[in-house]
Structures are given as C-alpha cells and as structure tokens.
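First to last, the protein sequences are chains V and S. Quick note on this note's numbering: the first sequence kicks off at 1 and runs consecutively. Quick note on this note's numbering: the second sequence kicks off at 1 and runs consecutively.
Everything labelled a hint here was simulated from the structure, so no lab data went into it. This structure is a prediction, so every number in the text was calculated from the model and none was measured. Take the hints with a grain of salt, since some may be wrong.
Derived EDC-like pairs: lysine to aspartate or glutamate, alpha-carbon spacing no greater than 20 Å straight-line [claimed, not checked]:
1. Lys108(V) <-> Asp55(S)
2. Lys154(S) <-> Glu181(V)
3. Lys203(V) <-> Asp95(S)
4. Lys74(S) <-> Glu178(V)
5. Lys196(V) <-> Asp75(S)
6. Lys196(V) <-> Asp129(S)
7. Lys133(S) <-> Glu178(V)
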Amino acid sequence: MTQNEKAAAAKKRNHAIMITILIILFILFIMPFILVIINVFKDKADIVSNPLALIGAHGFTLKNFPEAMRKMDFFNVFKNSLIITVSATFLTILISSMTSFVIVRNGKWKMCTAVFALMVASMVIPFQVLMVPLVSVYGGIFNILNSRITLIFMHVGFSVSMATFMFHGAIHSTIPLELEEAALIDGCTRWQTFWKIVFPLLKPTIATVTIIDAMAFWNDYLLPSLVLTRKEIYTIPIATQQFYGTYSTDIGLVMAALLLAMLPILILYLFLQKYIVAGVTSGAVKG
Amino acid sequence: MSSLSLKHIEKIYPNGFHAVQDFNLEVEDKEFIIFVGPSGCGKSTTLRMIAGLEDISDGEFLIDGVKMNDVEPKDRDIAMVFQSYALYPHMTVRDNMGFALKLRNVPKDEIDAKVNEVAKILDLEKLLDRKPKALSGGQRQRVAMGRAIVRNPKVFLMDEPLSNLDAKLRVQMRTEIAKLHERLGTTIIYVTHDQTEAMTLGTRIVVMKDGIVQQINTPEHLYNKPCNLFVAGFIGSPQMNFLDAVVEVKGSDVFLHVGDDVLKVPDNKKQVLIDGGYDGKVVVLGVRPEYFGDGRGLEDQFCTLKCKIEVRELLGAEVFLYGDINGKQCTARVAPEVDLVHGMLATYSVNMDKIQLFDKETELNLLYHD
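Can you make the complete structure from the sequences, with help from the hints?
This is the structure in structure tokens:
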C-alpha cells in the first residue's frame, strides 16, 4: 500500500466514524420528538403496552387532541403564550438593537463601555440565584406578580443583555460607518438613519434573536411558574403541568399538549431558518 | 452659484492631534478643486469638515456667504461620493439614487423622472432594479455618482472615489468624471492621493502635508513652479530628481558643482543665488526626468551630468532610465531611440532653463514664490 493509499484509507475511516457519531447524535436528539409523534395518535393503553409501536393495537386515534385542548383550556393558554412571547420578543429586539447601536457608535464614551461590560457580566449570573429575590421583591414589595405585563417585563430584562451582545457584534462588523454618513448627507436624522439603514441590515441578527428568544419565552416553565399563579393567565408549559397526576399520568394527553405547544415555534423556525446561520456567525468573521 | 470659503480652518482631535492647521481656501463656482497629499495629510479630514461629518475646531466655513460650521450635513446642500461608495445594500439602484429625494418628500413621479434622467447619463438604465451586490466595481462607482447627481447639490464632495477600481477602469472613470463636471458645471471638491488624478482633473490643486497646505494653484503652475521641495517631489510622475549642488559665483557667472560635473546657471536664474549669498553653499538642484537627454558631445558646455545607468525600462513610446548621479538615485525619461543601457556610464544633457533650485535648509524654491 502506498503512502497516498494509506492516507486515503485513513481519511475514509475517519469520515465513516464521524458519520456514525453524527447519526447516533441525531437519533438521540430526534428520539423524544419521534416518540411524541408516534404516541400522540394512540390511546393510553396502547402507549403503556408498547410506546415504540408506530400504530397501537386500538388503531390510529385523534381523540387525544380535543381532550387535551379542553383540559388545558388550550385557546386561552395559547393566547397568553402568544401575547407574552410576541410582546417580549418585540420589545427585546427593539430595546437591544437601539442600545447596541448607541454603544457601538459611541465607543469612546466611557458610560457606553461600562453599560456594555455590565450587560455582558450579567449574562453569567444563573437565573436560580435571582429566583428568590425576584419573587420576594416583585411579589412582596411591589405586589405585581400574577400579571402578563410583569412576566413580559421580566423576560425582556433577562434576555436583553444577550440580544444586545449579538446586535453589538453585528453592527460592529457588518455595518460600515460610511453607510450611516452617506445617509446623514442624504438627509436622514440619526433616528431615520437607524430605522431606514441600520435596522434593515440587521435582518439576520433580528431573525436569530427572534428564534432564540421566542423559543425561550414560549417554552419557559420556571419563570412563569413563579410569576403566574392565576389559571386564566397560564402559559402553555404551565398548563401542561396539570396532566401529570400524583398517581397516574395520561401520557396521550401529555403528548398531544406537547405537540400543540411545539408546533408554533417549529413553524417560526422554518420561516426564519435561512437567516439563523448568517445571524449567529455575523460578527464572528470580519467580512 | 455656489462658492465656498474656508477661513483659518483648524481640526484638533480630543487626543491633541492637530490634523488640519490654518486651512484657507476660496472656491469659485464651477471649480474642480483637488485635495492631494500623502496618507494622513488631512485632506479627507478637511473634506469631512466641509461635509459636516467632522466638527470644525476653529475657523469659519461658508457656502455662498452663509456660515456652515454648525449646520447639519443634510442642510448643507452637498452630496458626497465615498471611497467605498457606501451604497445601501438593501435597496435597489433606483432606491439608492432616489433615497435623498424621497427623504425630502419629492413626489414619486418627479423622483422617477430624475432617477431615469441621471441613469441615462451614466448608462445605468438596465441596472436600476438590481441591488448593489449584483454590480461590478465600476457600476457601483457610477451608482454612487448618480446618487450624488440626482440631488443637484451646490457642491459635490468626492473622497478617493476611484481608488477601489483597477487601473484601466480608473482611467476610464477619470475621463467620465471630467466629462460630468463639464456637463453639470457644479463645484466639485475631490480628494485623492494619486497625483495623476489631481493633474488631469483639477482646475486647481491643494497640496497638503501633515495638515498644512503647501501650495494651491493650477496643475500647470504646480508642475512648473512648485513652491517647495515637497510639492516638487509630489507632483509629477516619475517624480522630480533632486541633487545636492555647490554654488560657485565666478565673475558674473554662476556654476553648480554636482560631484565632478559643473553646470552653468542660466542668466535668468543666477541672480537669486548671487543676491541670496549662496556662493560656496549647497542648494538642491531639481530636474524633472524629461529634462534629461542624451548629452554625448556636449561635455564642454557646462550642461551635462554623468550617470551610471542601472535599469532601462521600455514603456513603448518612451524609456525610463534609472541610475546613479553623484550617489543619488535619478530617473530620466528619454525617447526609445536613445541607446543607453544598464551598466553604461552615460552623459545626460540637462535642460538648464527648466531646472529648479531649492534652499537646502528651508526647502523653499529659490526661483518662484506664490
């Protein structure tokens, strides 16, 4: 065997190993999702007897969906989740894109550097550390828990640092100052320059922040469980909790609720996926 | 009418760096002014102060007699073409060109008419619905020009607009800009570090160095009567040759000693050396490459210099000879028929009527003052 043939064989072997690892990882990631899909169309007995069967002994059924929707008051909790997710995502993008624009374009102003450093530092504080003081301050002192607005406010507060960090990188590396100067000469005010020139060019980052934050807000369980205790303002993850009983759990209903919960965010992801990679890498490499 | 006046303009950055010092310039209507100089000389800073993108630290800037120091860029009625073109990537060529008019609430029909008219002038009609990323460098450059023209501003500012183009396109666009200036008749201020652009485009050139204006005059004047060593060296390509020469006043004649060679200073140039007390002192002799020639047979006429030729470059219609005269690198531009080749010890004739003489200390031209 020549040197070249040995190298080619080694390359082929490494490639095969890598593909195998990727396939295993893919199965591990996709398995819970597949389990949800195949079990949502079975009744409780079929799920318990053979959760891996594609179709249960009692056949294909859609009865889990209306039952789950009724029990969890689906349209109401869906509305709550939608209001909270859309508002919090919108506000996060609005605030963080404008903040990062000011920080990047006033880099020599010490206050900007300090604010940005503070925001980056806040990203490393785990939520669990803030959990108890958060509830005691907002509940005990301000008494504003149990409100969608409070939850939106908290979501924005927790996500704005990361979003600002991402917008900062994007503006810094992908939007030349000359574009803004050209806009100023063309007749834009600073405000118009941001909205007509800078903001449209941040589309990939906006898409990335939208999907990351919308997913986080939509799926979040811990924060809403601390803030919302009134049933009428429950979000979807909180509402699914009631399917888990102390002595028995109706897995079929859980699966239906999970599928209903994940569908909107999946659709959003499919719409925005072409921007995601561009958004995540913007700022990583100077163009 | 649009005249500009810059009076004692200064630019000092917060870190104390003095970028522009005592800049004075009166620009008449329809002039094509070129700011030229090496990198960091303050030419772009001055242009940006005119545009309103940089604050003026001191002095007065007026357009048509109105003080503009604190006026916003959008209210100065100027248009600017940037080095990188600065086209808005998310807009089509049409939107890029009409953007400024749209901001001024010009009716859509009027914007379309204006954009179409300018697109026709610049041959951009077929590209109007494309985005900048789908255009070549030359096309982008034309769109940037179009965006400026559409507004019909009082003054055009251009910051090295051709520096991102390849050599051939640059020559082509240079001609286009000259034609446009002729056609539009607008005042243009143009920044470049390329002296060829400066010489070919400008009605007047401002030569700058280290934030200080060296000389302001027409291209011909700067070429023939540079006020100092820097301007003489900067204007002209290949640049002027500089040789140290010792002055000798003998009776009513004045001679320059360059190594072993002796040159006789013409009558119309010698008086300044006599009056200035330069006898026995070193001055800098400046000779442009084209004022050297084949001097064989002229050795006894006090107008020749010996040169050890190192490189011969044939450019087709002319030949550049690079060599050593008395320890200094020199360039001669001669006809291809001149049979001097590398390795030869050549005798150059010097057109003594065209020489320049500079003071060694002050570097000022002894023969001409602006």
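Checklist entry - For the pair supplied as a hint, Lys154(S) and Glu181(V), is the alpha-carbon distance within the 20 Å limit? => result Roughly 18 Å separates the two Cα atoms, so the pair holds.
Next on the checklist: Please verify whether Lys196(V) and Asp129(S) have alpha carbons no more than 20 Å apart.
Outcome noted: 19 Å, holds
Checklist entry - Can the restraint linking Lys196(V) and Asp75(S) be considered satisfied, given a maximum Cα separation of 20 Å? => result Within the cut-off at roughly 19 Å; holds.
Next on the checklist: Tell me if the straight-line CA distance from Lys203(V) to Asp95(S) falls inside 20 Å.
Outcome noted: Holds - the C-alpha atoms of Asp95(S) and Lys203(V) are around 18 Å apart, at most 20 Å.
Item to check | Pair hint Lys133(S) and Glu178(V), alpha-carbon separation not exceeding 20 Å | outcome: 16 Å, holds
Next on the checklist: Run the distance test for Lys74(S) versus Glu178(V): straight-line Cα separation, threshold 20 Å.
Outcome noted: It holds: about 15 Å lies between the C-alpha atoms, which stays within 20 Å.
Item to check | Hinted pair Lys108(V) and Asp55(S), Cα distance within 20 Å | outcome: Satisfied, since the Cα-Cα distance of roughly 16 Å is no more than 20 Å.
Violated hints: none; the structure is consistent with every hint.
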